[in-house]
Amino acid sequence: GNPHSSIFDSQYTRVIDGTLVKILSWYDNEWGFSNRVIDLINKIS
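One rule links them: number in the numbering used here = place in the sequence shown (from 1) + 1207.
Watch out, some of these pointers could steer you wrong.
[As the list claims (entries may be wrong)] Ranges between beta-carbon positions, derived for each pair:
no.: 1; residue 1: ASN1249; residue 2: ASN1209; range: 15 to 21 Å
no.: 2; residue 1: GLN1218; residue 2: ASP1246; range: 36 to 42 Å
no.: 3; residue 1: SER1217; residue 2: ILE1248; range: 30 to 36 Å
no.: 4; residue 1: SER1252; residue 2: LEU1227; range: 31 to 37 Å
no.: 5; residue 1: SER1241; residue 2: ASP1216; range: 19 to 25 Å
no.: 6; residue 1: ASN1242; residue 2: TYR1219; range: 34 to 40 Å
no.: 7; residue 1: ARG1221; residue 2: ASN1242; range: 40 to 46 Å
no.: 8; residue 1: ILE1245; residue 2: SER1217; range: 24 to 30 Å
no.: 9; residue 1: THR1220; residue 2: ASN1249; range: 28 to 34 Å
no.: 10; residue 1: ILE1223; residue 2: ASN1249; range: 16 to 22 Å
no.: 11; residue 1: SER1252; residue 2: PRO1210; range: 33 to 39 Å
Quick caveat, the hints were computed from the structure, so don't treat them as lab data. Source: prediction; values computed, not measured. Just so it is clear, CB atoms sit at the ideal spot from N, CA and C, and this is done for glycine as well.
The task is simple: from the sequences and hints, build the whole structure.
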């Protein structure tokens, strides 16, 4: 799997009316969280 918390999807990101930016990002709470916990453990150990 992909170890990132979120994957930015540039094809679906849009600027609407010149003032609003709509950003699409795919994420998996459990997998991303697990990888961040591992990062934290490695940092503090």
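Hint-by-hint comparison with the structure:
no. : hint                          : verdict
1   : ASN1249 / ASN1209: 15 to 21 Å : 18 Å, holds
2   : GLN1218 / ASP1246: 36 to 42 Å : 28 Å, violated
3   : SER1217 / ILE1248: 30 to 36 Å : 32 Å, holds
4   : SER1252 / LEU1227: 31 to 37 Å : 43 Å, violated
5   : SER1241 / ASP1216: 19 to 25 Å : 22 Å, holds
6   : ASN1242 / TYR1219: 34 to 40 Å : 24 Å, violated
7   : ARG1221 / ASN1242: 40 to 46 Å : 29 Å, violated
8   : ILE1245 / SER1217: 24 to 30 Å : 27 Å, holds
9   : THR1220 / ASN1249: 28 to 34 Å : 32 Å, holds
10  : ILE1223 / ASN1249: 16 to 22 Å : 40 Å, violated
11  : SER1252 / PRO1210: 33 to 39 Å : 18 Å, violated
Hint compliance for this structure: hints 2, 4, 6, 7, 10 and 11 are broken, all remaining hints hold.
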